[in-house]
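Now that you have both chains on their own, put them together as the hints suggest.
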Amino acid sequence: MTENDEVPAETTQEPFSKKTLTVEPSSSKVVRDYKLIGRPISSIQSQEPSTTEVVRESTEIEGGRESHARIRRVSYWGLAVVALIILIVLSLGWGRYSLSPLGLVRAAVAVFVPTPASWHLSAAQETVLMQVRIPRIFAAVVVGAALSGSGSAYQSMFRNPLVAPDILGVSAGAGFGASLAILLNFPFSVIQLMAFVGGLIGVTLSIGIAQFVGRGSTVVLVLAGLVVSALAQALISMTQYFSDPETTLPRITFWLLGGLDSVTASSLWLPTILVAVCVVILYAISWPITVLAAGEDEARSLGIDRRLVWGLVLTATTLMTATVVSVAGIIGWVGLVVPHLARSIVGPSFHRLLLASLLIGAGFLLAVDDLGRSASSIELPLGVLTAVIGAPFFVALLAKARHQWL
Amino acid sequence: MALNIDIAELSFSFGPMSHRLREVSLEVAEGELCCLLGPNGAGKTTLIRCLIGLLTPQSGTLRIAGHDTADLAPRQLARLVAYVPQNTTTVFPFTALDIAVMGRTPHMRITDRPSVGDRKAAQGMLDRLGIGHLARRSFAQLSGGERQLTMLARALVQEAPVLVLDEPTAALDYGNEVGILQVVSELVSDGRSVLMTTHQPNHALMWADRAVLMRDGSVVASGQADDVITAERLCHLYNVPIQLVSASMQGSQPELICMPAVRRVRRDLRDTPNHDTGLPEEGVRDEVRE
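So the protein lines, in turn, are chains D and Y. Be aware that the first sequence starts at 0, since it is given in numbering that gives the first Met the number 0, and climbs by one per residue. Be aware that the second sequence starts at 0, since it is given in numbering that gives the first Met the number 0, and climbs by one per residue.
Same shape as in the complex, but just chain Y (with noise of 0.2 Å):
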């Protein structure tokens, strides 16, 4: 399979003493998603933005579907890579479909205006999101997810072979953190490559090919995500206790999922008695016991 993100040993810092990414390697192949995980201050970001061209590595090469983004001029670079930035908003009352259209900038010239073709693909990305009901309110207003899916569908328009996202479940409830997930792997299915920071190692596990682990700007472990994803790593990466615990839904393979190793200590089920909090502890522990 082509290779649609190829990094080879790239370094990125602010100055000579502020190394933020260290001869990271990376590849993502056609119809893969790949989980980039790391502690915050990991390069996650800084990596995402030398992808995308709004950053300038000091040494290695960045292929993206086998062009060198050094030789390329931003508009190219942009038909290549879409970007979901992380959570974002408008100062001015753009509406929904005003972003949306934005998508199909790399393919229109300095002076152009987006066609009634562009805004009419704009629209049906959003209707095929399930959001096309608010394509005239105004995106600062809508909900996280709703912008988070606008601006998805903004990539979308961008018919770009691959996608970068950074963080996209970061601000989103539960069910829309599912609901994008899905469409990401839809996405992945039709043969894009994905590549996309998380917090989440349940994402990589649950969703991913791949998966690298980042840590002070370096790549500790990349490779398919149910090898690189240990309890052992995890707990290393993080600082805390982490497992890695088999699940099954029913009628399927059991899958791992990572929980936290530890809990939270419940005052009423400890044999020694807390005697700092000066609460009146008696009758609820005799109550326990009984």
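Next comes chain D alone, as it looks inside the complex (with noise of 0.2 Å):
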């Protein structure tokens, strides 16, 4: 009988069990199976005092390392912020008219405090860095942020891990948005808003189609973003086709590969505030994402109004994914490979995830974007980039995490 000291005392009183256990008394998964079954499970309401013991012990050990859990990853995330802040800072000297990081931080502090004059940027330099890099450094954290930010969103409410934030034809639409104002001589201001409004007409068209034949179904909603996304590409054709070919079609063009070198400062505040508040709602329903990512019937189950979560969530990556599309063009595979990137860090729970993919996509995008204009002696167009590097890295990914979700 010593085999069975490890036995709770309530099972080896009944003759049934003992037998059974001294059977076979090294096998561990009777022995496990039946500490799973054997223990009492008094009610929520009256515990017995032994439970509670048990219970109160174990969550004090829990708390302890929560708290613990806690502390690394709070210093976790102070890293993030501050490669990211150290990549912004190399990001304004790197280019063709370079400027030293020592002298940018110099001339940072200059603003605040009186120093030597030396300290201070010539003209020249104070030039570039406002007119041209601090505005496109700042739109390529921002549409990288807002990229990969809704497609984790996206992957999340899907619940598939292989879906983009243009999945819903946003992308499209805004590019006919955008392609229809070229051809019409429209512009640049008027270009960005016909591209905002395109890239949402995309998304309302998709989601009405799904209202209309598949009663919201989550199935038909994509589907119907597949068939909204063709229409758009046909209508762009279309709109290349009739352009012509020495001075609109090349805009259409080049519009159509993505990048950030025709933005200005003044461009980006109305962009910045309503990426911003999308921002801020996802975050606010984060939980109730978390568990519509577990399991929709689950979710429902468990109280959630789902028809208010997918509006909130809809409503906001759809406005964030049509602001940035229209400031940088069509960028794709930041809002695929940044969500991913980010789940095997933190993990699935929606709060983590949204933040890792914004960090971690300002940075991407950055990155890239440094790269774009400093590799060659012209500029390679962003969009193009960000596939050429996304693929092979999704791949990698692909290989890494295959277990977790396929």
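Quick caveat, the hints were computed from the structure, so don't treat them as lab data. This one's a predicted model, so the numbers in the text were calculated from it and none came from an experiment. Note that CB positions come from ideal geometry on N, CA and C, so glycine has one too. Do not take every clue at face value.
[What the hints assert, rightly or not] Distance condition first, Cα-Cα at most 20 Å in a straight line; then the derived SDA-like pairs of lysine to any residue:
#	chain 1	residue 1	chain 2	residue 2
1	Y	Lys119	Y	His132
2	Y	Lys119	Y	Glu158
3	Y	Lys119	D	Ala68
4	Y	Lys119	Y	Ser142
5	D	Lys399	Y	Val90
6	Y	Lys119	D	Leu340
7	D	Lys399	Y	Ala139
8	Y	Lys119	D	Lys399
9	Y	Lys119	D	His67
10	D	Lys399	D	Leu313
11	D	Lys399	D	Leu311
12	D	Lys399	Y	His132
13	D	Lys399	Y	Thr89
14	D	Lys399	D	Gly389
15	D	Lys399	Y	Pro92
16	Y	Lys119	Y	Arg135
17	D	Lys399	Y	Thr94
18	D	Lys399	Y	Glu158
19	Y	Lys119	Y	Arg108
20	Y	Lys119	D	Arg72
21	Y	Lys119	Y	Ser137
22	Y	Lys119	Y	His106
23	D	Lys399	Y	Arg136
24	D	Lys399	D	Thr314
25	Y	Lys119	Y	Val90
[Unchecked claim] Ranges of calculated distance between the beta carbons of each label pair, as one might list FRET restraints:
#	chain 1	residue 1	chain 2	residue 2	range
26	D	Ile133	Y	Phe13	53 to 61 Å
27	Y	Gln140	D	Val73	26 to 34 Å
28	Y	Ser251	D	Ile344	55 to 63 Å
29	D	Lys399	Y	Asn201	45 to 53 Å
30	Y	Pro259	D	Phe393	49 to 57 Å
31	Y	Ser58	D	Ser343	47 to 55 Å
32	Y	Val177	D	Val80	46 to 54 Å
33	D	Val73	Y	Ser251	54 to 62 Å
Put into structure tokens, the structure is as follows:
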């Protein structure tokens, strides 16, 4: 009977289980299973003293582990933010007209405290910094963060790690809006506006079709997105066909390739505010999104208002994506790859996934843009570079994380 | 005793031609375990999906703990009914603790996230179900029984008076099956009401207070489990010969156990030789006769 010492008393009292256990004393599975079922499950309301003690003890251990993990987690977030800031400072100096990072830091200090005159930037340096570098880097950070953030929300809501933020036709719609505006020779601000509106119309059409045909089914929603994207692509081709090959056709082509070279400081305020508001909305409902990511029926049985959460997420992500597409053109892969990378680091809980995606996405697009503007004598288009880097990166992630979700 | 589940003449159809539930009535009191039996397609799962608010019935009333579910918001309903689905997994690598904590959702506002107290409650429940050591493991990589226990822990931290289980033992080995039933029966003796669908008449005979038999969307019989489950009704329900035999464990009252009344036909014990097998059977049969 010494073999049974670790078996709880209540199971050994029964002759039936005693017999079973002595037959196979060496089998740990049998012993473990009896532990599993032998422990008394007292009610939540009224607990036996002994059970309460056990629970309290284990939660105290858990609490200690939790706070330790929290400290470690906070320091990781701090490191990530510091890394992004360093990358931003390096990017400010990087380029054909290079500025030393030390000089930039000095100039930044000089803005606030009186310093020797040599710390100030020259007029040319200041022009490059204020008119070119800062807007562009700011745009790269916002665009990368927005695409990755909405990608992470889409992947969670569709419970599909292969979903990108343009799946409901926002990019294609925006592309058509912009192409049409370029064809009609509208000014730059109108091109942006028409891209934004085109993106919204694309997603609205997809959702409308899904509501009308599939009563809100997720699969029908994705298929509707495919249909709308295909239609918008055809219309884009149509505008290209009708455009002047000397003037408007190259402009349409370059717009569709995506890039940050036409960004100006004044045109960034509105997009930034819109993106920030959408991020706050997504962060606020991060727990319902997490529960929906674990299973739709289960989430509904836990009292989550599915329509409300879907409505908020679709609104926020669509506004965000349409905004950044109107700023930077069509930039693929970021919204697909970055949420993957973020999830493999911080796990699938959405409040963490969103923050990690924003940080990584901002850093990723900034680094790729730096590469694009300095790798060769002519600037490489950003949308092409993200695909060239993103595709093999995605395959690597696929190979590494296959067992987790395929 | 107060009725925790009170379903009256509930009907549901997906369209004019596909009636899934026809005037189903069902009652489960406080501290009762009710087993819902019936062949595949009888409407058991549809009934459960109506009960937890995933489907809206066309007619009839559905009251839980005295509240008409038609008047309840999803979150209010989720505080009254906890649901353990049949056999689930997740796409993303959630941990068992992540999943268990989700049971606290009905007690949170839409912008809340689970507190430290919620996480402790979930960890405590996993500990009590004997799977506390799995809290940090990926839910998708747990075994079927461990996943089922995790889902049960999630349903229990929901603190609802009614627990609905959809074939909780369908994917489990025999040991885990008995384990889950033992946990469920302890919950029932604490005063919860449990409605459970199952394909095992023995679950109803050995564990349940009440049994409800369903076929083609209608209730065939309902009442005390021992009264409802007869060999004749089961034969009719499942279209196979079934018998109830009396069995007794040491020192306890004899109980009825359900068995199929057909057996594997053993070729070597047959009187007439089997010609279409083409195997040399003569020698074997002779040995048996000796």
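Checked hints:
1. Only pairs whose Cα atoms come within 20 Å are accepted, and lysine 119 of chain Y paired with histidine 132 of chain Y is accepted, the gap being roughly 14 Å.
2. Distance restraint check for lysine 119 of chain Y and glutamate 158 of chain Y: the Cα-Cα separation of roughly 14 Å lies within the 20 Å cut-off, and the hinted pair is therefore satisfied.
3. At roughly 15 Å between alpha-carbon atoms, lysine 119 of chain Y and alanine 68 of chain D fall within 20 Å of each other, so this suggested pair holds.
4. Using a Cα cut-off of 20 Å, the hinted pair lysine 119 of chain Y and serine 142 of chain Y is violated, with the two alpha carbons roughly 23 Å apart.
5. Straight-line distance between C-alpha atoms of lysine 399 of chain D and valine 90 of chain Y comes to about 16 Å, which keeps the hinted pair within the 20 Å bound.
6. Between lysine 119 of chain Y and leucine 340 of chain D, the direct Cα distance comes to roughly 29 Å. Violation of the 20 Å bound is thereby established for this hinted pair.
7. For the proposed pair lysine 399 of chain D and alanine 139 of chain Y, the alpha carbon gap of about 17 Å is at most 20 Å, so the pair holds.
8. At roughly 32 Å between alpha-carbon atoms, lysine 119 of chain Y and lysine 399 of chain D are farther apart than 20 Å, so this suggested pair is violated.
9. About 15 Å separates the Cα atoms of lysine 119 of chain Y and histidine 67 of chain D, which keeps this hinted pair within 20 Å; it holds.
10. Our distance criterion of 20 Å between C-alpha atoms is broken by lysine 399 of chain D and leucine 313 of chain D, whose separation comes to about 30 Å.
11. At most 20 Å may separate the alpha-carbon atoms for a hinted pair to count; lysine 399 of chain D and leucine 311 of chain D exceed this at roughly 33 Å.
12. At roughly 26 Å between alpha-carbon atoms, lysine 399 of chain D and histidine 132 of chain Y are farther apart than 20 Å, so this suggested pair is violated.
13. With a C-alpha separation of about 18 Å, the suggested pair lysine 399 of chain D and threonine 89 of chain Y falls inside the 20 Å cut-off, and the hint holds.
14. With a C-alpha separation of about 15 Å, the suggested pairing of lysine 399 of chain D with glycine 389 of chain D holds against the 20 Å cut-off.
15. Among the hinted pairs, lysine 399 of chain D with proline 92 of chain Y is consistent with the structure: their alpha-carbon atoms are about 14 Å apart, no more than 20 Å.
16. Of the pairs offered as hints, the one joining lysine 119 of chain Y and arginine 135 of chain Y holds, with about 13 Å between alpha carbons and a cut-off of 20 Å not exceeded.
17. For the hint linking lysine 399 of chain D to threonine 94 of chain Y, the alpha-carbon distance of about 19 Å falls within 20 Å, and the restraint holds.
18. Of the pairs offered as hints, the one joining lysine 399 of chain D and glutamate 158 of chain Y is violated, with about 39 Å between alpha carbons and a cut-off of 20 Å exceeded.
19. For the given pair, lysine 119 of chain Y sits about 19 Å from arginine 108 of chain Y by alpha-carbon distance, which is consistent with the 20 Å threshold.
20. A C-alpha spacing of about 19 Å is found between lysine 119 of chain Y and arginine 72 of chain D, which places the hinted pair at or below 20 Å, so the restraint holds.
21. Among the hinted pairs, lysine 119 of chain Y with serine 137 of chain Y is consistent with the structure: their alpha-carbon atoms are about 18 Å apart, no more than 20 Å.
22. With a C-alpha separation of about 15 Å, the suggested pair lysine 119 of chain Y and histidine 106 of chain Y falls inside the 20 Å cut-off, and the hint holds.
23. This hinted pair checks out: lysine 399 of chain D and arginine 136 of chain Y have alpha carbons roughly 18 Å apart, not beyond 20 Å.
24. For the suggested pair lysine 399 of chain D and threonine 314 of chain D, the alpha carbons sit about 33 Å apart, so the restraint of at most 20 Å is broken.
25. Distance restraint check for lysine 119 of chain Y and valine 90 of chain Y: the Cα-Cα separation of roughly 25 Å exceeds the 20 Å cut-off, and the hinted pair is therefore not satisfied.
26. The hinted window of 53 to 61 Å between isoleucine 133 of chain D and phenylalanine 13 of chain Y holds, with their beta carbons roughly 59 Å apart.
27. Take glutamine 140 of chain Y and valine 73 of chain D: their Cβ atoms lie about 28 Å apart, and the range 26 to 34 Å holds.
28. Checking the proposed 55 to 63 Å range against serine 251 of chain Y and isoleucine 344 of chain D shows it holds: the Cβ atoms sit about 56 Å from each other.
29. Our hint of 45 to 53 Å for lysine 399 of chain D and asparagine 201 of chain Y holds, since their Cβ atoms are close to 46 Å apart.
30. The hint said 49 to 57 Å for the Cβ distance between proline 259 of chain Y and phenylalanine 393 of chain D, and at roughly 53 Å that hint holds.
31. Take serine 58 of chain Y and serine 343 of chain D: their Cβ atoms lie about 50 Å apart, and the range 47 to 55 Å holds.
32. Take valine 177 of chain Y and valine 80 of chain D: their Cβ atoms lie about 52 Å apart, and the range 46 to 54 Å holds.
33. Valine 73 of chain D and serine 251 of chain Y have their C-beta atoms about 58 Å apart, which keeps the hinted 54 to 62 Å range intact.
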